[in-house]
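Engineer: Put together the whole structure using the sequences plus the hints.
Protein chains in written order, with UniProt numbering: chain L, 1 to 367; chain C, 1 to 367; chain P, 1 to 367; chain S, 1 to 367.
Errors might be hidden in some of the hints.
You can't tell identical chains apart in this list, so a pair holds if it fits in one copy or across any two.
What the hints assert, rightly or not - Listed next, the in silico BS3-like pairs over lysine-lysine satisfying Cα-Cα at most 25 Å (straight line):
#1 325 <-> 204
#2 20 <-> 142
#3 270 <-> 318
If you are wondering where the hints come from, they were derived from the structure by calculation, not from laboratory data. In this text the structure is predicted, and so the values were computed from the model without any measurement.
For reference, the chains in residue letters:
Protein chains: 4
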Amino acid sequence: MSSSLGTLYKVTTFGESHCKGVGAVVDGCPPGLELTEADIQPQLSRRRPGQSDLSTPRQEADQVTIYSGTEFGRTLGTPIMLLVHNRDQRPQDYGEMSNIPRPSHADFTYQMKYGIRASSGGGRSSARETIGRVAAGAIAEKWLRETYATEIVAWVSAVGDIEAPPADIEQISRTEVDSQTIRCPDPATAARMTARIREVLDAKDSTGGVVTCVCRNVPVGLGEPVFDKLEARLAQAMLSLPATKGFDIGSGFAGTRLSGSQHNDPFIQKGTTLGTRTNYSGGVQGGISNGEPIIFRVAFKPVATIGIAQETVDFDGKTVTLAAKGRHDPCVVPRAVPIVESMAALVLIDMALHQRSRRPGTLDLRG
Amino acid sequence: MSSSLGTLYKVTTFGESHCKGVGAVVDGCPPGLELTEADIQPQLSRRRPGQSDLSTPRQEADQVTIYSGTEFGRTLGTPIMLLVHNRDQRPQDYGEMSNIPRPSHADFTYQMKYGIRASSGGGRSSARETIGRVAAGAIAEKWLRETYATEIVAWVSAVGDIEAPPADIEQISRTEVDSQTIRCPDPATAARMTARIREVLDAKDSTGGVVTCVCRNVPVGLGEPVFDKLEARLAQAMLSLPATKGFDIGSGFAGTRLSGSQHNDPFIQKGTTLGTRTNYSGGVQGGISNGEPIIFRVAFKPVATIGIAQETVDFDGKTVTLAAKGRHDPCVVPRAVPIVESMAALVLIDMALHQRSRRPGTLDLRG
Amino acid sequence: MSSSLGTLYKVTTFGESHCKGVGAVVDGCPPGLELTEADIQPQLSRRRPGQSDLSTPRQEADQVTIYSGTEFGRTLGTPIMLLVHNRDQRPQDYGEMSNIPRPSHADFTYQMKYGIRASSGGGRSSARETIGRVAAGAIAEKWLRETYATEIVAWVSAVGDIEAPPADIEQISRTEVDSQTIRCPDPATAARMTARIREVLDAKDSTGGVVTCVCRNVPVGLGEPVFDKLEARLAQAMLSLPATKGFDIGSGFAGTRLSGSQHNDPFIQKGTTLGTRTNYSGGVQGGISNGEPIIFRVAFKPVATIGIAQETVDFDGKTVTLAAKGRHDPCVVPRAVPIVESMAALVLIDMALHQRSRRPGTLDLRG
Amino acid sequence: MSSSLGTLYKVTTFGESHCKGVGAVVDGCPPGLELTEADIQPQLSRRRPGQSDLSTPRQEADQVTIYSGTEFGRTLGTPIMLLVHNRDQRPQDYGEMSNIPRPSHADFTYQMKYGIRASSGGGRSSARETIGRVAAGAIAEKWLRETYATEIVAWVSAVGDIEAPPADIEQISRTEVDSQTIRCPDPATAARMTARIREVLDAKDSTGGVVTCVCRNVPVGLGEPVFDKLEARLAQAMLSLPATKGFDIGSGFAGTRLSGSQHNDPFIQKGTTLGTRTNYSGGVQGGISNGEPIIFRVAFKPVATIGIAQETVDFDGKTVTLAAKGRHDPCVVPRAVPIVESMAALVLIDMALHQRSRRPGTLDLRG
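Structural biologist: Structure, rendered in C-alpha cells:
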C-alpha cells in the first residue's frame with residue numbers, strides 16, 4: 001500500500017540501507033523498448049554519494065542489474081526487476097544509541113508506527129531507498145524521450161538563502177547543470193553555494209536548498225482530473241522524497257501575490273496548435289498539461305544529521321546529548337537533482353499511458 | 001482512475017457545473033457512526049458562494065441528501081451516496097464563445113484531452129466539483145473527531161501580498177476564523193485583506209492568496225512510506241484542488257534557508273510519550289505523523305475569470321478580445337478554507353484506517 | 001475498497017434495498033460516446049423482477065437517470081452518475097425477526113463484520129445492488145459494440161438438473177434468448193425448465209441453475225497477466241454476484257477429464273490472422289484473449305428465501321422456526337442473464353482500455 | 001496493473017523462465033513477524049518439479065533469499081524482496097521454432113498483445129512465475145497461523161476422470177496429503193491416479209485434474225462486498241494460476257441441482273457463537289466468511305506440452321507438425337497443491353488486514 005507508485009507504469013521499491021540490496025520492480029513498462037543496464041546506470045551514478053568532497057565520502061558502487069523483463073536488450077512488457085546490492089549488509093545494533101531517536105529523523109515515528117525499526121542506517125527512510133526510484137525513472141525517461149522527445153532537466157536553484165538567477169527553461173541542459181559540481185548552472189552562484197556548503201561542513205552543520213525542474217516536450221493532455229491532476233501527482237511524487245518540505249508549480253507561492261490580469265496566460269498560435277504567451281501556469285491548466293514547459297520547485301530541508309551536539313531525550317524520556325560522528329552530506333540538493341528528474345519521469349509516463357488508453361493515435365506532440 | 005481518492009476511505013466525486021447534480025460516493029466509512037445530513041451541511045454552507053458581498057452573488061442552496069449507506073441515523077459500513085442537485089441544470093451552447101478557450105482556464109486542456117468539453121460553467125474544473133469533497137470530508141472529520149479528538153482548522157493567511165501574523169496553532173478555532181468574513185482570524189489583517197479584495201473587485205481584477213491549515217490531535221503513526229508518506233498524500237490532495245499552485249509543510253520553503261542545528265526538532269518528554277520542543281517538521285517525520293500539530297500551507301493563484309479585457313486567440317488561432325461578464329469571485333481563499341479542511345480530513349482518515357489494520361488497538365494518541 | 005470494480009473503467013455501486021436509491025458512478029468512460037438513458041434502460045428492464053409469473057411479482061420501475069458526465073447526449077469522459085430511486089424507501093425494524101439470521105443469507109455475516117446491518121431487505125446483499133452494475137455495464141457494452149462489434153449473449157443453460165443442449169455460440173442472439181421467458185433458447189428445454197420452476201414454486205421451495213455466456217468479436221490481446229488474466233477478472237466479476245458458487249471457462253471442469261491431445265486447440269489460418277480449430281480454451285490462452293469466442297458458465301445456488309419452514313437459531317442461540325412469507329423468486333437465473341452480460345462487459349472494457357494504453361493504433365480486431 | 005495482487009498485503013511477482021531470477025516483493029507484511037528463509041523454503045520445495053518420477057526431471061534448486069524487509073529475523077513492516085536465481089539464464093532463440101505458436105500455450109497471445117515475447121520457456125506464462133506467489137504465500141500463511149490458527153490444506157481430488165472420495169475437511173492435514181506422492185490422501189485412489197499418470201506419460205500425452213482446498217479457522221468477517229467478496233477474490237486468485245479453467249466454492253456447480261430447502265445451512269449454536277449445521281455455503285455467506293471451513297475446488301486443464309505430434313500452423317499460416325521433445329510433466333495437479341494453498345493465503349491475509357482496519361480488536365475466531 002505504500003511502496004508502489006503509479007497505475008499503468010507501476011514502480012515498487014524495496015530495500016533498507018543495511019539489508020542485502022535495494023531496487024525496484026517496474027510493472028507496465030511498454031514492450032519493445034531497447035533497454036540494458038547502460039541506460040540506467042548514468043542517473044544512478046549522478047545520484048551516488050561521494051561524487052565530490054562536498055558530499056559524503058562513502059563510495060557506493062551502486063551497480064544495477066536487470067533481473068527480469070528484458071530479453072536480447074528489449075523490454076518484454078513484463079515486470080522489470082532492478083537490483084543494486086548493498087555493500088554494507090550488516091545491520092548493526094547500536095547499543096544505547098538505538099534507544100535514542102535522532103531529532104528530525106524517522107527513528108521515533110518508525111518505532112511508533114511499526115513497533116520495530118531498522119537498527120541502523122535509517123532503514124526505508126535512508127536515501128538509499130531512492131536508488132530504486134532513480135533506476136525505474138531512467139527507464140521511464142528513455143521511453144518518454146523516444147516517444148515524445150520529452151526532456152527533463154533539474155538543477156539546484158537555491159542553497160540556504162543563496163538563490164540562483166532564473167534559468168533559461170527552454171534551453172537548460174543536463175550538461176550545463178553538471179558542468180558545476182554543485183549542479184547550479186550559473187557559475188557565479190555555484191561558487192557562492194559551494195563556499196556556503198564548505199562553511200556549513202566546517203561548522204559540522206547542514207543547510208537546505210531548492211531544486212527546480214523543467215519538463216519540455218510533454219504532450220498536451222496528461223493528467224487525470226480531479227484527484228490525479230498532473231500537479232497533484234507531481235506534488236505527491238516530490239513530497240514522497242526524503243527531506244522534502246514543499247512543492248510549487250509555475251508561479252507557485254509567488255504567484256499568489258499577483259493579480260489575475262498579470263497572471264493569466266493568453267493563448268497564441270504556436271505552429272499548428274495553441275500555446276501561451278506567458279507560462280505562469282507552469283505547463284498545467286485544469287490539472288492537464290497544455291504543451292508548455294512544466295516547471296516546478298521542490299524544497300529540501302537542512303540535513304538532519306549534524307556533528308553539532310544536540311540536547312534531546314531518549315525513548316525513556318531521559319535527557320541525552322547527541323552528535324553525529326564521521327562525515328555526512330551537509331546538503332542534499334546536488335544529489336537530489338537526478339532523483340527529482342526521475343520522479344517527474346515516473347509521473348509523466350504513467351499519465352501518458354493513461355491518456356493513450358483514452359484517445360489512441362491522437363496523442364501527438366503539439367507544434 | 002481519476003475521480004477517486006483514498007484506498008480504505010475511498011471518495012469518488014461526480015458532477016459538472018450544469019448537469020443534474022454533483023456529489024460523491026464514500027466507500028469504506030466505518031460502520032456505526034451516527035450520521036445525518038445535519039453533520040454535513042455546515043461545511044457545505046461554509047463552502048457556498050454568496051456568503052458575503054466579497055464573493056460571487058450566486059445563491060446556491062447546496063442542500064445535501066444522503067441516498068444510501070445509513071439507516072436510522074447510523075452508517076452501515078456500505079457506500080454513502082451524497083447528492084446535491086444543481087439549480088442551473090441547462091448546459092448552454094455559448095455559440096462563438098465556445099470556440100474561445102479562456103486564458104488560464106481548463107477549456108483548452110479539456111478539449112485537447114477529451115476531444116469534447118462541457119459547453120459552459122467549466123464542467124469538472126468548476127468549483128462546484130468540490131461539493132462532493134466537502135461532503136465526504138465532513139463525514140471523515142466527524143469520525144476523526146469522535147475517535148481521536150482530531151481538530152482541523154484552516155484560515156486565510158495571505159491575500160495578495162498581505163500576510164497575516166503567525167496564528168496560535170495550538171488554539172486557533174473555526175469560531176475564531178469565522179468571526180471574520182474573510183476568514184483571517186487577525187482582525188487588523190482581515191480589514192486590510194477585505195479592503196484589498198474590494199479594490200480588486202472594483203478593478204474587475206482578481207487576486208491570489210494562501211490558506212494555512214493545522215491538524216491537532218492526529219495520532220502518531222499515520223502515513224505510509226514511501227510513496228504514501230503523509231505529506232505526499234496531503235500534497236496530492238491539496239494540489240488536486242482547483243487554482244492551487246503550491247503546498248508546503250512545517251518550515252516549508254522558508255525552512256530551506258535554515259541550518260540543520262536551527263531546524264532540528266529536539267525530543268522532549270510530553271505526558272507519557274515524546275514530543276518535540278520545536279515543530280519545524282510540521283508534525284511529520286519520515287513521512288509519518290509524530291503527534292505534533294500538522295501544519296501546512298496551500299497557495300491559490302489569482303482567479304482566472306476577470307472583467308478586464310484580455311487579448312487571446314480562439315481555437316482557430318484568430319485573435320480575439322475576451323472580458324468576463326457579470327460578477328465573479330475575485331479571490332477564492334475565504335471559500336477555500338472548508339475545502340482545505342475537508343481534503344485534510346480525507347487524507348487523515350484513510351491513513352488512520354491503514355494504520356489500524358497494522359497495529360490494531362495500539363493507535364493511541366500521545367500525551 | 002469494495003464497491004469499486006475496474007481500473008480504467010471504474011464502476012462504484014451504491015445503495016441498499018430500502019434506502020433512497022441505488023446506482024453507480026462510472027469513472028473513465030471514453031469521451032464522445034453517444035449516450036442517453038435509452039441506451040441503459042433495456043438491460044435494466046430485462047433485469048427487473050416481475051417480468052413473468054415465474055418471478056417475484058414486485059413491480060419495480062427501475063427508471064434510471066443520468067445525473068452527470070454527459071452533455072447534449074454525449075459522454076464527456078467525466079464520471080457518469082446513474083441513479084434509480086427506490087420505491088420502498090422505508091427501512092423496517094422487523095422486531096424479533098431482526099434477531100434471527102436467515103439461513104444462507106448474509107444477515108449473520110454482515111452483522112458480525114460491520115457490527116450493524118440493514119434492518120430489512122438484505123441491504124447491500126440484495127439483488128437490487130446489481131442495478132448499478134447493469135446500468136454501468138450497458139454503457140460498457142455500447143462502447144464495445146461500437147468500437148469492436150463485440151457481442152455479449154448469456155442464457156440459461158441449466159435449471160436444477162435440467163440441462164440445455166449446447167447452443168450455437170457463433171449465432172446465439174438475445175432475441176433468441178428472450179424468445180423464451182425462461183431465457184433458455186431451446187424451446188423444449190425451456191418448457192421443461194418452466195414446469196420445474198412451477199413445481200418448485202408450488203412447493204414453496206427454490207432451485208439453482210447455470211448461466212452460460214459467450215462474448216464474440218473480442219479483440220486479441222485483452223487480459224493483463226499475471227494477476228489480471230482475463231479469466232481471473234471474469235471469475236472475480238461473476239463470483240461477486242449474489243448467489244454465485246462457481247465459474248468455469250472453455251472446457252472448464254469437464255475439460256479436466258480430457259487428455260492434452262484432445263484438449264489442445266490447433267491453430268489454423270482465419271482470414272488474415274490465426275484462429276484455432278477447436279475452442280477448448282474458451283477464447284483465452286495464457287490469460288489473454290485469442291480472438292475466439294469467450295465462453296464461460298456461472299453457477300447460481302438455489303434461492304435462500306423459501307416458504308418451507310426451517311429450524312434454525314437466533315443470534316442468542318435459541319431455536320426458532322422460520323418460513324418466508326409472501327411470494328419470492330424461486331430461481332434467479334432468468335433474471336441473472338443480463339447481469340452476467342453486464343459484468344462481462346465491465347471486465348472487457350477495462351481490459352480493452354488497458355491494452356489500448358500499451359499499443360495504440362494496433363488494437364485491431366482479427367479476421 | 002497486472003503483476004500485483006492485494007491491497008494491504010500486496011504481492012508483486014517478477015521473472016521469466018530464462019531471465020536471471022524470479023521472485024516477488026511483498027509490501028504490507030505486518031511488522032514484528034519472525035521470518036527467515038526457513039519459513040518459506042518448505043512450500044517452495046513442495047512446489048518444485050522433479051520430486052518424483054511422475055513429474056519433469058528438471059532439478060531446480062529454487063533456493064529463496066530474503067533481500068530486504070527483515071532484520072535479525074523479524075519483519076520490519078517494509079517491503080520484503082524474495083529472490084530465486086534461475087539456473088538456466090540463457091534465453092534461447094529457437095530458430096524456426098520461434099515462428100510456431102504452440103497450441104494452447106501463450107505464445108500466440110503474448111506475441112499479439114505485446115508485439116514481442118520471451119523466446120523460450122514460456123516467459124511469464126511459465127510455471128516458474130508461481131515461485132514468487134508461493135514464497136509470498138508462505139509468509140502470509142505463517143502470519144495467519146500465528147494470528148488466527150488458520151490452517152490451509154489442499155489436495156488432489158481428481159486426475160482425469162478418477163475422483164477421490166470426499167475428504168474429512170475438519171481433519172485433513174498436509175502430512176496426510178504428502179503421504180502420497182500424487183498428493184491425493186486416499187491411498188487407493190492415489191494408486192489409481194498414479195497408474196493413470198504413468199499411462200499418460202507412456203502415451204506422450206497429458207491429463208487434467210482438480211485440486212480441492214480447505215481453509216480452517218478463518219475468522220468471521222473476511223471479504224469486502226460487493227466486488228471483493230471473499231469468493232470473488234479467491235476465484236480471481238485461482239484463475240490467475242497457469243492452466244486453470246474453473247473454480248467453485250461450497251456446493252459449487254453440483255449445488256445448482258439442489259433445492260433451497262436442501263441447500264440452506266441452518267444456524268446452530270457452536271461454542272459461544274453461531275455456526276451452521278451443514279456447509280453448502282462453503283464458509284462464505286454474502287461474500288463474507290462465516291467461520292465455517294472454506295472449501296473450494298480448482299480445475300486444471302491437461303498440460304498443453306505433449307510429445308504426440310500435432311498439426312497446427314506457424315505465424316505465417318503455414319501448416320507444420322509439432323511434437324514436444326524431452327520429458328514433460330504430464331499432470332500439474334500434484335505440484336499445484338502448494339500453489340493453491342499459497343494463493344488462498346494471499347487472499348485471506350489481505351482480507352484479514354482490511355477487516356482489522358474496520359473493527360480493530362473484534363476480529364475474533366468463532367467458537
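Engineer: Have a look at residue 325 and residue 204 and pick one of within, between, both or neither, based on CA distance no larger than 25 Å.
Structural biologist: Cα proximity of residue 325 and residue 204: one copy only (10 Å, versus 60 Å across).
Engineer: Between copies, within a copy, both or neither: which fits residue 270 and residue 318 at Cα up to 25 Å?
Structural biologist: between (66 Å within a copy, 12 Å between copies)
Engineer: From the Cα coordinates, with 25 Å as the cut-off, is the pair residue 20 and residue 142 best called within, between, both, or neither?
Structural biologist: between (28 Å within a copy, 23 Å between copies)
In the structure shown, no violation is registered for any of the earlier numbered hints.
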